[in-house]
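Visitor: For reference, the chains in residue letters:
4 protein chains.
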Amino acid sequence: MAIQIAVIGAGVMGADHARIIAEDVPGASLALVCDASPERAKAVADAYGGAETSTDPFAVITRDDIDAVIVASPDETHAPLCLAAIEASKPVLCEKPLSQSSQQCLDVIEAEVASGRQWVQVGFMRRYDPSYAAMKATLDSGELGQPLMMHNFHRNVESPGPCFTGAMAITNSAPHEFDAARFVLEADYAAITAFQPARPGDLVAPVFMVLETVTGQIVNVEINNNAAYGYDVRGELVGEKGSVSLSGPIHARTNLALKASEDYARDWRPRFAEAYRLQNKAFVHFARTGEFPAISANAWDGYCATAVAEAGVTALKSGGRTVISLADKPALYARQET
Amino acid sequence: MAIQIAVIGAGVMGADHARIIAEDVPGASLALVCDASPERAKAVADAYGGAETSTDPFAVITRDDIDAVIVASPDETHAPLCLAAIEASKPVLCEKPLSQSSQQCLDVIEAEVASGRQWVQVGFMRRYDPSYAAMKATLDSGELGQPLMMHNFHRNVESPGPCFTGAMAITNSAPHEFDAARFVLEADYAAITAFQPARPGDLVAPVFMVLETVTGQIVNVEINNNAAYGYDVRGELVGEKGSVSLSGPIHARTNLALKASEDYARDWRPRFAEAYRLQNKAFVHFARTGEFPAISANAWDGYCATAVAEAGVTALKSGGRTVISLADKPALYARQET
Amino acid sequence: MAIQIAVIGAGVMGADHARIIAEDVPGASLALVCDASPERAKAVADAYGGAETSTDPFAVITRDDIDAVIVASPDETHAPLCLAAIEASKPVLCEKPLSQSSQQCLDVIEAEVASGRQWVQVGFMRRYDPSYAAMKATLDSGELGQPLMMHNFHRNVESPGPCFTGAMAITNSAPHEFDAARFVLEADYAAITAFQPARPGDLVAPVFMVLETVTGQIVNVEINNNAAYGYDVRGELVGEKGSVSLSGPIHARTNLALKASEDYARDWRPRFAEAYRLQNKAFVHFARTGEFPAISANAWDGYCATAVAEAGVTALKSGGRTVISLADKPALYARQET
Amino acid sequence: MAIQIAVIGAGVMGADHARIIAEDVPGASLALVCDASPERAKAVADAYGGAETSTDPFAVITRDDIDAVIVASPDETHAPLCLAAIEASKPVLCEKPLSQSSQQCLDVIEAEVASGRQWVQVGFMRRYDPSYAAMKATLDSGELGQPLMMHNFHRNVESPGPCFTGAMAITNSAPHEFDAARFVLEADYAAITAFQPARPGDLVAPVFMVLETVTGQIVNVEINNNAAYGYDVRGELVGEKGSVSLSGPIHARTNLALKASEDYARDWRPRFAEAYRLQNKAFVHFARTGEFPAISANAWDGYCATAVAEAGVTALKSGGRTVISLADKPALYARQET
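Chains as they are written, first to last, in my numbering: chain Y, 1 to 338; chain H, 1001 to 1338; chain L, 2001 to 2338; chain S, 3001 to 3338.
One thing to keep in mind: the hints can contain errors.
Claimed, not checked - No farther apart than 27 Å at their CA atoms in a straight line, the calculated lysine-lysine pairs in the DSS-like style are these:
#1 L:Lys2136 to L:Lys2042
#2 Y:Lys241 to Y:Lys136
#3 Y:Lys259 to H:Lys1329
#4 L:Lys2259 to L:Lys2136
#5 Y:Lys317 to H:Lys1241
#6 S:Lys3329 to S:Lys3090
#7 S:Lys3259 to L:Lys2136
#8 Y:Lys136 to Y:Lys317
#9 Y:Lys241 to S:Lys3259
#10 Y:Lys90 to Y:Lys136
#11 Y:Lys317 to S:Lys3317
#12 L:Lys2259 to H:Lys1136
#13 H:Lys1136 to H:Lys1241
#14 S:Lys3241 to S:Lys3317
#15 H:Lys1259 to Y:Lys136
#16 L:Lys2329 to L:Lys2090
#17 L:Lys2241 to H:Lys1259
#18 S:Lys3136 to S:Lys3241
#19 S:Lys3042 to L:Lys2241
#20 H:Lys1136 to H:Lys1259
#21 L:Lys2042 to H:Lys1259
#22 Y:Lys259 to L:Lys2259
#23 S:Lys3042 to H:Lys1259
#24 Y:Lys136 to S:Lys3259
#25 L:Lys2090 to L:Lys2042
#26 S:Lys3241 to Y:Lys259
#27 Y:Lys90 to Y:Lys329
#28 S:Lys3042 to L:Lys2259
Said to hold, decoys possible - Derived coverage of chain S by chain Y (criterion: at least 3 residues anywhere in the stretch with Cβ under 8 Å from a Cβ of chain Y; other residues may be distant):
#29 3017 to 3030
#30 3169 to 3179
#31 3221 to 3230
#32 3311 to 3325
As the list claims (entries may be wrong) - If the Cβ cut is set under 10 Å, some of the chain Y residues that face chain H in the computed set are:
#33 Pro80
#34 Glu236
#35 Gly242
No lab work stands behind these hints: they were computed from the structure.
Beta carbons: idealized from backbone N, C-alpha and C, even for Gly.
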C-alpha cells in the first residue's frame, strides 16, 4: 500500500516535492497539499494528480489517512511542524533549516529523544547528489590520503529579496555548505571566521567564511547570492595526495558566435534534481520501514548546521574568529560505523 | 491501480528494467520475471521485491493479470513476442532491435496496423537522454541554422563475445546511432557507405559508416566495440552557424599522480540511467493511457533502424555506397507536427 | 651573424612571418619584404623594424645579401619561387601548398634531387604544434596500441571568398589535415572517398572525406570553411587501447549570463601561434646549419599532400572511392629511423 | 647590436633564463653565465652556445661588455646584486623576491630613486602569462562589473626541502599570488589573515590566507607546496555580474583505462613557459630602450609583495588578522593611466 504523503507549503520547493512524490518516486501517493493560500495549494494539487488540499498544517499532520509529511513551508514553521509530526508519530522530511534557531533545533531533538526514535529527516539533499557521493567515495577510497581542506562555492543568480543581508546569506544559504562539508569530512566545526567584500549598489555582497574542524581541516565557503551569471555550486576536497572536485550535470556544449559554452540553470532544481529524487525516495523508504536512511541528515545534523550559522553571523559582525561549541550529542544520533 | 508489468528476459538488460520498474517508476508493479532459466528469473525477481517467475513468455503475455510487458530476451525472440503482445492487446516495450530482419519488423508493423492502434514501443532510450534532448532543443531553437552533419561515436569496452564481427557491430550496436541521428535530424537515410580499418589480433576492428539523409545531411557513425578504455558515446551536430555536442554525466574530476581525470563507466548503464528511467516512465504512462509517447520509437522506427543496418552490412561487404530504400510508411505512424 | 631573411608576399601570412622573424626568433633578421604591391610591402616592413622592400621576388632570391626566403605569396607562385631558390642555393620556407599541381611539386623535387640536397621546407606548421606533438608522443609511447583511426575536423569562420567551392576546400584547406594525419600515423594514403551535405544558400557546404592508409588506418576529415562559429581544429587518434585528442590553447573560462564559455579565435593565428614560432625557429636553424629539421615537411611531403588533394577532388566529383598512387620517393627524402 | 646579457645563478631558474635568452628571444646574446660553482656555470654556458663563465657576480655586473643582467641566484643575494646593477647603471631582471626583507627592498628603491630612473624589473612573470592577461582583459572590458573577490590556488608537487615551513610557503611561494592578484585588481592590500590545517607526517601543511584590499575586495590564497599530484596554479576573479577563471595550457586529452585525463607538469616551467619568454623579451626591449615595460613588476611591486609576505608570516604566527602598512610610494613608480 502506497505511503500517503502530505506536502506542507506550496511554494517553489513544495511544488517540486509534490511533483517528485507524484511522478518520480514509487510507493507513495501525493495525498494532500497544504498551504496558507488555498489557491496555491489547489494549483499544486491539481498539477500533480488532484490531491486534497488544506490550509491547516497541524490538522493535516494528525489525520489518520496521512502517513508522512514533507515540510516546505516558511522557515519559522519548520520546528513547530516537526514537533507536531513527532507528537503524531509521523515521519517528516523537513526542508532546511530545521530552524534558524539552534535552541529550537534542540527542542526538536529533545522531543525526538523523548519519543524513543527518529522521525525527522532534514532536507540536506546534497548528501544524495552524485557529485558529492563521488567526492566522498574518492576520499573514502584512501587515494587522496587524509583530507586537509575543502573549498566550497555557492552562487545564486539573485538573492530572494532586496532586503537580503550577509547574515541571511549565512543562515539561509550557507547551511547547505556547512552540512555538505561536514558530511564529506565526517568532522564537526571548531571555529569560524567571516569576511565580506565591499559591493557597490544595493545588492548584498558575497560572504566568505573560513571554518576549522575539530580534526584540523580548513573549510572555506563562499556564499554569493547575487552572482548574477547562474546557479553554480562548486566544491573541491584537497587531500595529502590529490584532490577531487564536484562536477554538476552538463548535457551539451554549444559552439556559436566565437564561443564554446555550457549552460547554467537559473536555480537549484536542475543542478540537484537527482539529489532531490533520491532523497525523497529514501524518505518514502524511511516512512515505510522506520529505518532512518544511512546518509540522510537527521535532527542533530540540522542542529549542527544552525549552530554553525549562528556562530557565522557572530563572526561576520565581530570581524573575528568565533569558536563554535555544540550541545552534547544524544545517543539516538550515533551512527553505525561503516 | 498500478500497472502490472512482466519483464521477459532476466539478463543484464532485463534485470535493469526490473529494477527500474520496481524502484524508480511510480504507477507500476514488477509483477513477473520470465526467463528460460528459472534460477535467473528468480534471482532478479527476488532482488526487486519478490515478483512471480515463469519460463514461458507466451503464456505470460496472455495472462489477465499482466497489463504490459517489457521484452529484454535474446534478439531473435523480439518480433515473435511483440506479435504475441499485439495479439493479446498488451502494450510492449521491446528492447532494440525490434528484429534483426527488416521483413520481420514489417510483419510486426502489419499486425499492429491490422489491430488499429500502436502497442509496440521500441527501446531506443537515447531519445530520452538529456544530452540528446539538449542537442535537439538547440537545433529546434534555430540558433544553429539548418543541420548539415552529425558525427557519432559509439565505444564499448569490449565486444560481447570473441566471434563478434563488423557486420554484428552494424546490426547490434549501430541501430542506436541510426535511430538517434534520425530522431535528432527528423530525416530518413538515403544511402550508406562503410569502412573498416585493419586491426591486429583477434578483436573486431571498428566500423566507420557515412550515411546520407534524404534531405542532404551527412551522418557518420563510428562503432568501436573493443575501444577498451571505457563506454563512451559522443555526438556532434553541425549546423550552418554552429554546432552542439553531447555531454555525458560526469560527477567528479580527480587530481592524482600528474593527471586530472574523469571516470568512464564500463557499460551503458551509468551513461544512460536517466534515459532508461524516463523511457520506462513514459512506457508506464503509455500502458495506462494508451497514448503513445510523443518521442518514443515505435515499430516503424524500429523497422527503419533495421533496414539501415541491413544496408550497412551490404555496404561493408561490397565496399561501396549502398542505397537504402524503405517500405511505404503506414498512416498509423504519422506523427503530429509539433 | 644573423641569417638575412626575405619574406615574399605581404598578405596576412607574410605579415605574420615577418613579425615572427623580426620579433620572436633569434639568429635572424627580417632583411626584406617583397610584394607585388609596394605599399603593402612597405607597410609590413615598417611595422617590423624597417626592412628593405621589393616587388621582384626572383631578383630578391638571387641577392647575395639574402640568405634565405620565406614564400607566402599566392599559391601559383610557390613552385616557381621554390625552383628559383633551389637554383640560387637558398633555403626556402614555402607556405603550403608547395603547388596545387602534383606535377609541379614533382618538378621541385626533381630540381632539389638534382641539386644534391634539400632546400625546401614546406609550411605544414602543425607538425610543430604542441597538441599534435602530444598526440604523436602518446602514440609513440605505445599506450594506445596500434593506431586504428584518426578523426580530423577543420573549421573556419568563413571561406576566403564567395566563389569558394568544395574542390577548393580540398585543395586549399585539407592539405593541412592530410599532412598532419600522415605525420602522426607515419603512413601514406591508399584511397579517398568524399561526401558533401546539401547546404541552403550561397555558402559552400562542408566536405567530409574518408581516407584509407596503406597500413590500414581509416582517416576522416571534415573541412568546413563556413563553420561560422570560430576557427576550430580538432583531432582524435583512436588506437587499440584508447584514444588521444588535441586540445588547443584556452586561456580563460568566463561565467556570464547563464553560460560558462571559452573563446574561439577568428582565425588560425592564435590557435597555431606556437607552431609557427617553432617552425620558423627550425627554419632559421636549417638556414644556418643546412641540416633539414627532423620533423619539418619537405618537398616530398608537400607533393604527397597535393597528390592526395587531387585524388580528393576526383573523389568528390565522381562520388566514389578514388585510389591514390604516388610517384617513387627519391632517396633524398628518406628519413632516419628514430 | 645584440644586448649582451649575463645570467647570474645557474640553478634551475638560471638555466631556464639562459636557454630563453640564447634560443627564444631575438636581439640579445647570452654573453656570460655566473655561478658560485664554476662547473655549474660552465654546464649551462655550454648547453646554450658556449658563453663565458664567472664565479664573481659583482665583477660581472661592472664589466663594460655586459649590457644587462638576469639575477637568478639565491634569494639573499638578490638585493645586493640589484644594488650593484643600479650602481653600474645596468638593467637587471631580478627573480622574485626582490628580497625577503621589505627593508632591503626599500634600500633598492632608495638607490633606484637616487639614480633618477628605473633599472630593476622583478621576475613576477605571471603578469605576462596569457591566462592572467585574459582574466585582466575580461575585467577591464567591464563585462564582470566591479571585482569583488579573487580566489587563488598554488600547488607544487613537493616543497623544495624537508625543512620547509608554513612561513616559508608565505615568503617563497605566495609572493607570486600576492603580486598577480594585486596586478589584476590594481589594488593594494590592507590586511591579511592566515590559516593552516593539520597535516599528519613531516610534510608542511598548506597555508590558506585571506587578504583584504584597500578597495574592499577579498583575495584568498592557498599555498600548497606538497600537493603531490602536480604543479597547478588556478585563479578565479569574481565580479558583480560574472567570473573568469585561468586556464593553463593543456595540449591533449587521453582516454585510457576507464579514465579521460589531462597531464599536469611536475613544475612551473611548462605552465609558465610563454610567460617567461614574453617577460624576458620585454626585458631585452627594456635593456635596449630604457623604457620600463608597462606591465612588468618594478622594485616597488617587489617591495609590496615582500611587505605582504611579512605581514602574512605575522598573521600565521598570531592566528589573527594583521594590518598591512606600506611605505610611501616614490613618484618614480607612478604608472601612466591606461
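Visitor: For each hint given before, does the structure comply? Return the numbers of the non-compliant ones in rising order.
Guide: Violated: hints 1, 3, 4, 5, 8, 10, 14, 19, 20, 21, 23, 28, 29, 30 and 33.
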